[in-house]
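**Student:** What follows is each chain in one-letter form.
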Amino acid sequence: MSIFDSSLISAAFWIAKGTGLTVALIVGAMFLGLIVGLPMAAIQVYGPRWARFLVMVYVWFFRGIPILVLLFLFYFGVFSPLEAWLTKFFGVRINLPFLASVTTLGLASGAYQSQIFRGAMLSLHMGQYEAALSLGFTRLGALVNIILPQALRIAIPAWANEYSILLKDSAIAYVLGTLEIMSRIKLMVATFHMHVPFYILAGFIYYFLTWLGIKALKKLEAKTRIPGLGSDGDAHFPEANEEIGTDERLEENPNAKPVPKPA
Amino acid sequence: MFKKLLLMTVLAVMAMSPAALMAQAEIINGFDADSFKPFAYMDENGVPIGFDIDCVNWIAQKKGLTVSHQPYAWDSIIELLQNKNINMIASGLSVTPERAERVAFTIPYWSIKQVVLVAKDSALTLDEVLTGGKKIGLQLGTSDLASMDSSNGQNGRKYETVGYTSVDLAAEDVINGRIDAVVMNDDRGFAILKNQPLKFLGYAGIPDEDFAYAVSKDDAELLNALNEGLQELMTDPAWKELIAKYELDQKL
Chain H
1 MSIFDSSLIS AAFWIAKGTG LTVALIVGAM FLGLIVGLPM AAIQVYGPRW
51 ARFLVMVYVW FFRGIPILVL LFLFYFGVFS PLEAWLTKFF GVRINLPFLA
101 SVTTLGLASG AYQSQIFRGA MLSLHMGQYE AALSLGFTRL GALVNIILPQ
151 ALRIAIPAWA NEYSILLKDS AIAYVLGTLE IMSRIKLMVA TFHMHVPFYI
201 LAGFIYYFLT WLGIKALKKL EAKTRIPGLG SDGDAHFPEA NEEIGTDERL
251 EENPNAKPVP KPA
Chain S
1 MFKKLLLMTV LAVMAMSPAA LMAQAEIING FDADSFKPFA YMDENGVPIG
51 FDIDCVNWIA QKKGLTVSHQ PYAWDSIIEL LQNKNINMIA SGLSVTPERA
101 ERVAFTIPYW SIKQVVLVAK DSALTLDEVL TGGKKIGLQL GTSDLASMDS
151 SNGQNGRKYE TVGYTSVDLA AEDVINGRID AVVMNDDRGF AILKNQPLKF
201 LGYAGIPDED FAYAVSKDDA ELLNALNEGL QELMTDPAWK ELIAKYELDQ
251 KL
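Protein chains in written order, with my numbering: chain H, 1 to 263; chain S, 1 to 252.
Isolated chain H, as found in the complex:
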C-alpha cells in the first residue's frame, strides 16, 4: 500500500478532524484549571490557615498521582456511576469519555496552575495588598483590582508552558476512547496494520498545536505587557554602554559598616 493511497489520505483527514476534540479538551481543561487554580493560589498567599491547608491537600493529591491513574479513578469512580444515574432518571447520555477526560485533566491542571499563580502573586510585594486594604479596598477588591492585573501578566509565560504540557498530556485520554487525535491514530493503525506513518502524523499535529498555542500566548503576553512589570521589570540590568554604578541599587550601601581588614 502506498503512502498516497486514497483510503490512507481519507484516514489522515479523519484523524485531523480529531484535532477539534483535542482542542476542546485542552481549552476546557485549561479554563477549568484556571477557575480552580486562581482562587486556590489566592488562598495560599492571602488566605486563612485552615483554607491554606485544604488547598495544600488538593494540590498534593493531584500532583502526587499520575494522570493515567486519575483518569481511571474519575472514569470509574465518578463519571461512570453519574452517567448511569443520569441515563436512568433523565434519559440523557453524556459523552462519558470526553467529560471524564476534560474534568480530570482540568482538575489536575488546576493543581499546577495554582502554583503558577501563587508564584506570580508571591513575586509582588506583600505591601501592595496591605496598602490596598488600608485604602479601603475589600479583600476581594484588592485581589481583583490590584493583585490579579499584575499577577496574571507575570504568569503568562509559565501558563504557556502549562499549555504545552497539558496538550501532550491530553494524548493519554485515548485510554478512555475519547476519539481525540491519539485514539483516532490507534484505530487507524489497527485498520491499516501500519504504525510509523500514523505516529509521524500524530507528532506533526501535536507539534503544530503546541507551536500555535505558544505563539498565541506570546502575542497575549506582548499585548498585555506593561513596561516595568514582569520579566523586563523590577530587576534593572545595566545596558552595555551604561556605566556600572550609576544605578543606586548597585551602589554601596552608605549605612554599611566597613569590613575590618584582617590584622
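Fair warning: there could be bad hints in the mix.
Capping the alpha-carbon separation at 16 Å, the derived lysine to aspartate or glutamate pairs in EDC-like fashion look like this [what the hints assert, rightly or not]: (1) Lys88(H) to Asp218(S); (2) Lys199(S) to Asp186(S); (3) Lys62(S) to Asp210(S); (4) Lys158(S) to Asp127(S); (5) Lys88(H) to Asp219(S); (6) Lys17(H) to Asp43(S); (7) Lys63(S) to Glu101(S); (8) Lys251(S) to Asp208(S); (9) Lys84(S) to Asp219(S); (10) Lys113(S) to Glu160(S); (11) Lys88(H) to Glu26(S); (12) Lys17(H) to Glu44(S); (13) Lys199(S) to Asp173(S); (14) Lys120(S) to Asp173(S); (15) Lys135(S) to Asp186(S).
To give an idea of the chain H side of the interface with chain S (calculated C-beta under 10 Å), a few residues [to be verified]: (16) Trp14; (17) Ser80; (18) Glu83; (19) Leu96.
Quick look at which bits of chain H chain S covers, simulated, 3 or more residues with Cβ under 8 Å [claimed, not checked]: (20) 171-177; (21) 181-195.
Bear in mind the hints are in silico, worked out from the structure with no lab data behind them. Beta carbons: idealized from backbone N, C-alpha and C, even for Gly.
Got chain H sorted already, so can you dock chain S onto it with the hints?
**Tutor:** Using the frame of chain H, we list chain S on its own:
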C-alpha cells in the same frame, strides 16, 4: 481582565455542552477502541464497520432498535457494561465462565481457533515455538492470554508470554524480531497476514472460543431481541453474504 476571562469560560463551556457532552439516548454498542478487525473496527472515514457491526445493524433494523457503535478501552469494557454506561458489547467477545458471571451472553454466533504467526523468513517450527521457551506476544485482557498462561508448563509446553495493548503491536514486534511469535484468533490472523510480512505456523493448542454478544444481566428485553435477531440472521441469506464480505469463510 477577570470579567473577560469569566465570559470566555462560560462561552467555551456553552459551546461545548450541546455538541460534545450530550448524545441521544439509544442503545450503545461498545467495541474495542484498539479495533478488532474484521469483527469491529473503523473505516478510513471513521465509520464503525466490521462483521459484528453489520450483524447488529441488520438485527437492529429487523427489531426496530436504534443502535450506535462507540469505541471504548477494551480492558474496561465489561465493567462499563455492568455499570450500564453501554448497553451491549458486539466486538468479537469470547464467552468465558468468568465473564458469564458478570454479564449475560447471547447464543454463540461464531467459533474461533487461536493461531500462531511468526515472521515470514523465520525458520521456527510450531514445536519450537510452543516448547522451546520462546517469547510469544498476545493482547492484554484477552481470554487467549489467560489460556496460554494456564496451559504453560503442561504437556511439555514451555514459552514466555508477553502482553501487548493490541495484537498489532505484538505483530510489529515479531517483525522487528523482539519476540518470536504472536498468537491471535484465526480471522484476525487472516486479516493481518494480508498486510504484514508474517506467516501462519499452526494452531496454538488452546481451547477454541465462542463469540457472543453481551448485555447487562437484568436487560432481558435486549437479550431476547438479540437472540431472536441472531437466529433470524443465521438462517437468512444475508448471513452468508456478511461472512463472505469480511472473508470469514477464508480460513488459514
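**Student:** Now, for every hint given, state plainly whether the structure supports it.
**Tutor:** To see whether the hints hold, each was checked on the structure:
Our distance criterion of 16 Å between C-alpha atoms is met by Lys88(H) and Asp218(S), whose separation comes to about 14 Å. Only pairs whose Cα atoms come within 16 Å are accepted, and Lys199(S) paired with Asp186(S) is accepted, the gap being roughly 12 Å. This hinted pair does not check out: Lys62(S) and Asp210(S) have alpha carbons roughly 24 Å apart, beyond 16 Å. Restraint check for Lys158(S) and Asp127(S): the C-alpha separation of about 10 Å stays at or below 16 Å, so the hint holds.
For a cut-off of 16 Å, the pair hint linking Lys88(H) to Asp219(S) stands: about 13 Å separates their Cα positions. In summary, the hint linking Lys17(H) to Asp43(S) is supported, as the alpha carbons are separated by about 14 Å, within the 16 Å threshold. Of the pairs offered as hints, the one joining Lys63(S) and Glu101(S) is violated, with about 27 Å between alpha carbons and a cut-off of 16 Å exceeded. Distance restraint check for Lys251(S) and Asp208(S): the Cα-Cα separation of roughly 15 Å lies within the 16 Å cut-off, and the hinted pair is therefore satisfied.
This hinted pair checks out: Lys84(S) and Asp219(S) have alpha carbons roughly 10 Å apart, not beyond 16 Å. For the hint pairing Lys113(S) with Glu160(S), the CA-to-CA distance comes to about 20 Å; that exceeds 16 Å, so the pair is violated. Distance check on the hinted pair: Lys88(H) and Glu26(S) sit about 12 Å apart at the alpha-carbon level, within 16 Å; holds. At most 16 Å may separate the alpha-carbon atoms for a hinted pair to count; Lys17(H) and Glu44(S) meet this at roughly 12 Å.
For the suggested pair Lys199(S) and Asp173(S), the alpha carbons sit about 14 Å apart, so the restraint of at most 16 Å is met. Taking the CA atoms of Lys120(S) and Asp173(S), the gap is about 13 Å. The hint holds against a cut of 16 Å. Taken as a hint, the Lys135(S) and Asp186(S) pair is broken in the structure, with Cα atoms around 19 Å apart against an allowance of 16 Å. For Trp14(H), the shortest C-beta to C-beta distance to chain S is roughly 4 Å, which falls under 10 Å, so the interface hint holds.
The interface hint given for Ser80(H) is met, as the beta carbon of that residue sits about 5 Å from the closest beta carbon of chain S, less than 10 Å. Checking Glu83(H) against chain S by beta carbon gives a least distance of about 5 Å; that is within 10 Å, so the hint holds. Below 10 Å, beta-carbon pairs count as interface contacts, and Leu96(H) has one with chain S at about 6 Å; its hint therefore holds. Coverage of the segment 171-177 of chain H by chain S holds. Counting CB-CB distances below 8 Å, 4 residues qualify, and the rule asks for three or more.
Coverage of a stretch by a chain is defined here by at least three residues with a beta carbon nearer than 8 Å to that chain's beta carbons; for the segment 181-195 of chain H and chain S the count is 12, and the condition holds.
Against the hints set out earlier in the document, violations occur for numbers 3, 7, 10 and 15.
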